[in-house]
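Since chain A is already given, all that's left is putting chain B on it; use the hints.
There are 2 protein chains.
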Amino acid sequence: MEQQTTYSSKFPRIVIVGGGFGGIELAKRLKNKEVDILMLDRHNYHTFQPLLYQVATGGLEADSIAFPLRKIFKNQNNFTFRVTNVDAVDPSRKVVITSIGEISYDYLIIATGSDTNFFGQKEIEHFSMAMKTIPEALNLRSMILQNLEEALVVTDIVEKRSLLNFVVVGGGPTGVELSGSLAELKKHVLPKDYPELSIEDINVYLIEGSDELLGVMSDQASSKSRLFLEEMGVNVYTNLRVEAYDGNVIKLSDGREIHTKNVLWSAGVKGAVLEGLPPETIARGNRVIVDEFNRVEGQEYIFAIGDVAAQITEETPNGHPGVAPVAIQQGTQLAKNIIRFMNNEQPEAFKYFDKGSMATVGRNKAVVDIGKIRFQGIFAWFVWMFVHLMSLVGFRNKLVTFVNWVWSYFSYDRGTRLIIRRFSRESMTEDPMAK
Amino acid sequence: MEQQTTYSSKFPRIVIVGGGFGGIELAKRLKNKEVDILMLDRHNYHTFQPLLYQVATGGLEADSIAFPLRKIFKNQNNFTFRVTNVDAVDPSRKVVITSIGEISYDYLIIATGSDTNFFGQKEIEHFSMAMKTIPEALNLRSMILQNLEEALVVTDIVEKRSLLNFVVVGGGPTGVELSGSLAELKKHVLPKDYPELSIEDINVYLIEGSDELLGVMSDQASSKSRLFLEEMGVNVYTNLRVEAYDGNVIKLSDGREIHTKNVLWSAGVKGAVLEGLPPETIARGNRVIVDEFNRVEGQEYIFAIGDVAAQITEETPNGHPGVAPVAIQQGTQLAKNIIRFMNNEQPEAFKYFDKGSMATVGRNKAVVDIGKIRFQGIFAWFVWMFVHLMSLVGFRNKLVTFVNWVWSYFSYDRGTRLIIRRFSRESMTEDPMAK
Numbered sequence: 001m002e003q004q005t006t007y008s009s010k011f012p013r014i015v016i017v018g019g020g021f022g023g024i025e026l027a028k029r030l031k032n033k034e035v036d037i038l039m040l041d042r043h044n045y046h047t048f049q050p051l052l053y054q055v056a057t058g059g060l061e062a063d064s065i066a067f068p069l070r071k072i073f074k075n076q077n078n079f080t081f082r083v084t085n086v087d088a089v090d091p092s093r094k095v096v097i098t099s100i101g102e103i104s105y106d107y108l109i110i111a112t113g114s115d116t117n118f119f120g121q122k123e124i125e126h127f128s129m130a131m132k133t134i135p136e137a138l139n140l141r142s143m144i145l146q147n148l149e150e151a152l153v154v155t156d157i158v159e160k161r162s163l164l165n166f167v168v169v170g171g172g173p174t175g176v177e178l179s180g181s182l183a184e185l186k187k188h189v190l191p192k193d194y195p196e197l198s199i200e201d202i203n204v205y206l207i208e209g210s211d212e213l214l215g216v217m218s219d220q221a222s223s224k225s226r227l228f229l230e231e232m233g234v235n236v237y238t239n240l241r242v243e244a245y246d247g248n249v250i251k252l253s254d255g256r257e258i259h260t261k262n263v264l265w266s267a268g269v270k271g272a273v274l275e276g277l278p279p280e281t282i283a284r285g286n287r288v289i290v291d292e293f294n295r296v297e298g299q300e301y302i303f304a305i306g307d308v309a310a311q312i313t314e315e316t317p318n319g320h321p322g323v324a325p326v327a328i329q330q331g332t333q334l335a336k337n338i339i340r341f342m343n344n345e346q347p348e349a350f351k352y353f354d355k356g357s358m359a360t361v362g363r364n365k366a367v368v369d370i371g372k373i374r375f376q377g378i379f380a381w382f383v384w385m386f387v388h389l390m391s392l393v394g395f396r397n398k399l400v401t402f403v404n405w406v407w408s409y410f411s412y413d414r415g416t417r418l419i420i421r422r423f424s425r426e427s428m429t430e431d432p433m434a435k
Numbered sequence: 001m002e003q004q005t006t007y008s009s010k011f012p013r014i015v016i017v018g019g020g021f022g023g024i025e026l027a028k029r030l031k032n033k034e035v036d037i038l039m040l041d042r043h044n045y046h047t048f049q050p051l052l053y054q055v056a057t058g059g060l061e062a063d064s065i066a067f068p069l070r071k072i073f074k075n076q077n078n079f080t081f082r083v084t085n086v087d088a089v090d091p092s093r094k095v096v097i098t099s100i101g102e103i104s105y106d107y108l109i110i111a112t113g114s115d116t117n118f119f120g121q122k123e124i125e126h127f128s129m130a131m132k133t134i135p136e137a138l139n140l141r142s143m144i145l146q147n148l149e150e151a152l153v154v155t156d157i158v159e160k161r162s163l164l165n166f167v168v169v170g171g172g173p174t175g176v177e178l179s180g181s182l183a184e185l186k187k188h189v190l191p192k193d194y195p196e197l198s199i200e201d202i203n204v205y206l207i208e209g210s211d212e213l214l215g216v217m218s219d220q221a222s223s224k225s226r227l228f229l230e231e232m233g234v235n236v237y238t239n240l241r242v243e244a245y246d247g248n249v250i251k252l253s254d255g256r257e258i259h260t261k262n263v264l265w266s267a268g269v270k271g272a273v274l275e276g277l278p279p280e281t282i283a284r285g286n287r288v289i290v291d292e293f294n295r296v297e298g299q300e301y302i303f304a305i306g307d308v309a310a311q312i313t314e315e316t317p318n319g320h321p322g323v324a325p326v327a328i329q330q331g332t333q334l335a336k337n338i339i340r341f342m343n344n345e346q347p348e349a350f351k352y353f354d355k356g357s358m359a360t361v362g363r364n365k366a367v368v369d370i371g372k373i374r375f376q377g378i379f380a381w382f383v384w385m386f387v388h389l390m391s392l393v394g395f396r397n398k399l400v401t402f403v404n405w406v407w408s409y410f411s412y413d414r415g416t417r418l419i420i421r422r423f424s425r426e427s428m429t430e431d432p433m434a435k
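Protein chains in written order, with this note's numbering: chain A, 1 to 435; chain B, 1 to 435.
Excised from the complex, chain A in its bound form:
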């Protein structure tokens, strides 16, 4: 339905597309400022992406990592929210085109994050599983459990093996966390759940195109994570790329083939940029080029923060890494700068303060780089847990997540191995068994 969302026109209207880390931080920092904020998102909740892999492997409820956006901002008077897809922007008319109509803005902030990047390989995209949203993580969970159930009843050896081979593509933090999590499931949980399966038949592979895992982290983190994974039984293959996958056999660049029904793709991301911007403002990886104030190149009233934005500088020739702290810090800085722009004051350039990075590798290990400090092992795991908990929005979710984690830790158990909605690739309709 066509609908102009009308507002009091006393204050400038700031439209924020995307309720991710960046969008939320920006909106929060504009509380009590003389602006009208309208946030648009295709979901009515924020997805805490760092823990998606735990939902996919049945260690966390989906709801624990989803934060209803209306609830986050219920006490902020200058904030309004609408659930909608945003398809395009028309800079000449200062409107965005959405499924609920055209919405005009005084300032537009694109904070749409990133999508999974299959690098144009359509067949691989069709047959593998991505994990960027909660529905995708739940589909992954269903698929894994369904394939385990199916492995019990098939008689063909090759088919059984392919149901029990799990191939994770991409050795960044997501791939490391996912493969580590699957290895734990295999070692600590599945033997009790599936006593008739020979657990040794389950194989977890991690395929990485460069020569090391966690390339963005220190050498120490890279080598330790590989060591941890291999100790957990993951087959780590570096310097290998995926050439093809047809739903049954995955072909690697050295000619090797693996029979598998389970390919989990975490090998790349691309910016979720809006249509309507001039093509010369879109950089490599589908990210929109912004200046040091996060203003889109060539635009006066359009900004971009987070994964979707690329701030090209000497230190960051490809933009900043697509991680949460970048989005959050850019949101904070942009909130100040927007006010300065409105008051014709001098804005301040963005400077990223890298507080470090970490990745979990299994139940009680993580690798952490903070400045020059590097540590791994159980202590790292506690640091990781603490940091993630503190960043969770809302006390209730912190508590539920904490309960789940503590339970998992002390009981070697995964609490929520549920096939709620049966996943079916062929038709992508609700499988009749999914009632």
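Be a bit skeptical, because a hint or two may be false.
Below 27 Å or equal to it, Euclidean Cα-Cα: the simulated DSSO-like pairs (lysine-lysine) are [stated by the list, open to error]:
| # | chain 1 | residue 1 | chain 2 | residue 2 |
| --- | --- | --- | --- | --- |
| 1 | A | K28 | A | K132 |
| 2 | A | K192 | B | K28 |
| 3 | B | K192 | A | K31 |
| 4 | B | K122 | B | K251 |
Going by beta-carbon spacing under 8 Å, a handful of chain A positions derived as facing chain B [unchecked claim]:
| # | residue |
| --- | --- |
| 5 | N44 |
| 6 | S64 |
| 7 | K71 |
| 8 | T416 |
In case anyone wonders, no lab produced these hints; they're calculated from the structure.
Fair warning: this is a prediction, and the values are worked out from it, not measured in the lab.
We put the CB at the ideal spot given by N, CA and C, even for glycine.
Coordinates of chain B only, in the frame set by chain A:
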């Protein structure tokens, strides 16, 4: 695929169809007995149905009321489990026909529970929402939230009203709990979430065909629950039936019409009986007639317990009520009787020990009948909470549910108001916005 599930034939094979209250209790009581148990269920988890209405109104995570069946029985050696639909039984060959092939049994226990009963009214069935499974409860949650979002953007007054009218059909415990829950949402939660909506435009109706709510409970419970609901703002209409519903307007038996997009159907259940039994063994409400040992009439090796079974006696001319304690007690008794049957010993007739019934009516009220004791109000609510918690399988879920409840109680808040998968009736395919 056709597959005979093979087992050691030393012990008799007991096939239990259904992992509900009855099936689980029966299987548990047969631990360490000289039998081979095979449980079949279309889901890989048990659904704790009494709390489904909380999932539907965003007060509880779905995973909190779902208990993976493999996990429940991981320490029981004589228990095996398969996820499958069971379509029919062939008593002459002693096999059940399932999606994973034919499975032979020595003893068959039908414990499939009940389905929603629309009494043959196909149009009503198509356009209204049932709530017997977790996917249904999640669809209901999505629909409620989607309609609230839509109400913000529509301009047509009638359409807006119909999006904000919620009609619950059926004044039994489920209908009472659902309508009470919606009224709470309206009063305590939605004003903060949707400040632009005029909350007075939201209406909750409860339609009941007989002259009182909670007809199976005491008169005191019936009248108190009506009083509580009306105080909470629910429009309670008794002695009214639904004549028709076309997705826009619901027609009641007194000629009244309500414009609504939200019809929640909890007005009847019918047994989920298997095909293949002689029609004369099926009673009113699609329940299979069993004797005092829960053996299906005219069968020697087929039994039925719980909602799907009707034990016709003088005191129970229509069988026992379809409640959890009946299923659990029948499961316990049948476990003993099965062993007696196998040893040619005299079985013992089932006797239902009615420990009472209760229904919640909103955040901190419930109505409880225990024997001659009747009480209502806040104390009743604590009793209800305690009983439900104690019956929850698994400590972890108890804790997570408890955390949610305590949070909800102290903060007047519903934690999980999430549209994870967009509900779309027209196509029943994954809506592209559901990514």
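Checked hints:
For the suggested pair A:K28 and A:K132, the alpha carbons sit about 24 Å apart, so the restraint of at most 27 Å is met. Restraint check for A:K192 and B:K28: satisfied, since their Cα atoms lie roughly 17 Å apart, inside the 27 Å limit. With a C-alpha separation of about 16 Å, the suggested pairing of B:K192 with A:K31 holds against the 27 Å cut-off. At most 27 Å may separate the alpha-carbon atoms for a hinted pair to count; B:K122 and B:K251 meet this at roughly 15 Å.
The closest approach between the C-beta of A:N44 and any C-beta of chain B is roughly 5 Å, which is under the 8 Å cut-off, so the hint is satisfied. Checking A:S64 against chain B: minimum C-beta separation of about 7 Å stays under 8 Å; hint holds. Hint status for A:K71 relative to chain B: holds, with the closest Cβ pair at about 6 Å, below 8 Å. With its C-beta approaching chain B no nearer than about 4 Å, A:T416 sits inside the 8 Å limit, and its interface hint holds.
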